[in-house]
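Undergrad: Sequence:
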Amino acid sequence: MRASPMVGAEGLHPSTNTAPRDLDPAPGRTPASAPALDPALAADLADGLPEGLPADLAAGLGGGLPGAPPGDGPGEGRGGARDGEPQAAPQGAPATPTALVRQVRAHLGGPYAHAPLPMAPPPGGPYATQLAHVQQLGEMGWCTWNLGTGDASWSDHVYVIFDRSPEEGPVALDALAAYVVPADRPAFDRALREVLGGARAQAEFRIRTASGPRVLRTVLDPVAGPDGAVRTVYGVIQDITRRAEERLLADTLSDAILPRQGPVIDLPGVRVAVRYLPAERTTGLGGDWYLACRASRGRVLIAIGDVSGHGRDVIAPMARLRHAVDALVVTDASPAQLLAWLNELVWHSHDGTTATALAGYLDPVAQEFTWAQAGHLPPILTGGGEARLLDAPEGVLLGADADSGYEIARVRLRRGETLLLYTDGLVERPGRDIEDGIALTRLAATSLTGGDLAVELDRIIDAVGGTNPADDACLLAVRLPLSLG
Numbered sequence: 021m022r023a024s025p026m027v028g029a030e031g032l033h034p035s036t037n038t039a040p041r042d043l044d045p046a047p048g049r050t051p052a053s054a055p056a057l058d059p060a061l062a063a064d065l066a067d068g069l070p071e072g073l074p075a076d077l078a079a080g081l082g083g084g085l086p087g088a089p090p091g092d093g094p095g096e097g098r099g100g101a102r103d104g105e106p107q108a109a110p111q112g113a114p115a116t117p118t119a120l121v122r123q124v125r126a127h128l129g130g131p132y133a134h135a136p137l138p139m140a141p142p143p144g145g146p147y148a149t150q151l152a153h154v155q156q157l158g159e160m161g162w163c164t165w166n167l168g169t170g171d172a173s174w175s176d177h178v179y180v181i182f183d184r185s186p187e188e189g190p191v192a193l194d195a196l197a198a199y200v201v202p203a204d205r206p207a208f209d210r211a212l213r214e215v216l217g218g219a220r221a222q223a224e225f226r227i228r229t230a231s232g233p234r235v236l237r238t239v240l241d242p243v244a245g246p247d248g249a250v251r252t253v254y255g256v257i258q259d260i261t262r263r264a265e266e267r268l269l270a271d272t273l274s275d276a277i278l279p280r281q282g283p284v285i286d287l288p289g290v291r292v293a294v295r296y297l298p299a300e301r302t303t304g305l306g307g308d309w310y311l312a313c314r315a316s317r318g319r320v321l322i323a324i325g326d327v328s329g330h331g332r333d334v335i336a337p338m339a340r341l342r343h344a345v346d347a348l349v350v351t352d353a354s355p356a357q358l359l360a361w362l363n364e365l366v367w368h369s370h371d372g373t374t375a376t377a378l379a380g381y382l383d384p385v386a387q388e389f390t391w392a393q394a395g396h397l398p399p400i401l402t403g404g405g406e407a408r409l410l411d412a413p414e415g416v417l418l419g420a421d422a423d424s425g426y427e428i429a430r431v432r433l434r435r436g437e438t439l440l441l442y443t444d445g446l447v448e449r450p451g452r453d454i455e456d457g458i459a460l461t462r463l464a465a466t467s468l469t470g471g472d473l474a475v476e477l478d479r480i481i482d483a484v485g486g487t488n489p490a491d492d493a494c495l496l497a498v499r500l501p502l503s504l505g
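Numbering (the working numbering), first residue to last: 21 to 505.
Do not take every clue at face value.
Claimed, not checked - Computed spacing ranges between beta-carbons, pair by pair:
no.	residue 1	residue 2	range
1	P413	V284	25 to 33 angstroms
2	D183	E364	53 to 61 angstroms
3	R228	G404	18 to 26 angstroms
4	T487	A420	23 to 31 angstroms
Rather than coming from a laboratory, the hints here were simulated on the basis of the structure.
Just so you know, these numbers come straight off a predicted model, no measurement behind them.
All residues carry an ideal CB built from backbone N, CA and C; glycine is no exception.
Taking the hints into account, I'd like the entire structure generated from these sequences.
TA: Below you can see the structure in the form of structure tokens.
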């Protein structure tokens, strides 16, 4: 594809500020001849960057991420300056990435010939059809920006992505920011800074087009001259709007199945923190589940469970169990009755599912936890530098027997103590017995100081080996604050 020039709002070529040459003639018409190369500038290009440019760039790249300057629209002038002229930053303020592009162009640019950029094969070449298909199927295209001349070249599909006519030509690198949604400017500016500093940069951001917003993923590669300074930027741009919409839908459905909580859940008289670590990264869900919600008489229902198996097949039975407990809490049934109903649900599913579960009510006034379990690992009660496993009441796996019965246990909690509930993915690892994992967890729990509950959970996870890539893991911490207030 032949390179196209960039023309500013006043119809001037951005690197010369003279009337644009006829670089896009009608078919069959010969382009106008290019102006002669300035000898002084040719010497500058041969010897490297003009004096002062490295210091200018270092000053700009060392700053933070300033806000976008006003008038960042495509082809707009800044403060009366013509498109392509560098705009001075406020005294003492670092240059914006857009201004840095213009500084480079001001130092490297000049009234010399604008050769086509070596980016795409000529139209009608042997691979033109295949490349067109690649762009369409991948919803991607590629770009080249010459920082010295200001010239740019876009492949066909980039025009489709930006909803822009090829007759308009490509957008200048320093004008590209005007298309970016303001909330995503920091990500775009960061990528531009990195590539101008000589490093490959990647970013995801949204742009505004005539047909609506689009989500883009871009990779920018710098190409340095003999002096080591960046003179050309190559880019690959992909439209991931549909993928982003699918990801948003998946996140919404995932949140409906197992709502994501903040670092800490504050319930009446109780503080709860959770860490959910699914092995299935693509869905963010697995067979583990948890629930912490209000119950009758000022109590809080705490539940945790684990459906046997791995992968996506366990998501549906996991969701049935969690939502069943959430619905049954209004019955005010005992923990043993709740588990009996869950057992019936699993048994009559006729799909061979089994699961573990633990459910109980914490009364913050009576400072008592009443609970039952179905084949689940016993909680750990910790406080004052000590940690102990609770004695579990009788209860078999959900789905193992149609007539399973469950017993109840009660434990008193002192204010400031923490109750840890967890699934086997936290403590069981290849090459390590589950008893050893429980011992590590109990030892780590002795270090709980009553500080930030979310931070302390992270320390426990690190102590037992971090995320388990082979199994889902869930850790729930329930603490009675030192006072009901």
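Undergrad: Please test the hint of 23 to 31 angstroms on the beta carbon pair from T487 and A420.
TA: Taking Cβ atoms as reference, T487 and A420 lie about 29 angstroms apart, which means the hint holds.
Undergrad: Go ahead and decide if the range 18 to 26 angstroms is satisfied by the Cβ distance of R228 to G404.
TA: Since the Cβ atoms of R228 and G404 sit about 58 angstroms apart, the hinted range of 18 to 26 angstroms is violated.
Undergrad: Does the beta carbon distance between D183 and E364 stay inside 53 to 61 angstroms, or does it fall outside?
TA: holds, 57 angstroms
Undergrad: Go ahead and decide if the range 25 to 33 angstroms is satisfied by the Cβ distance of P413 to V284.
TA: holds, 29 angstroms
Violated hint: 3 only; the structure is consistent with all others.
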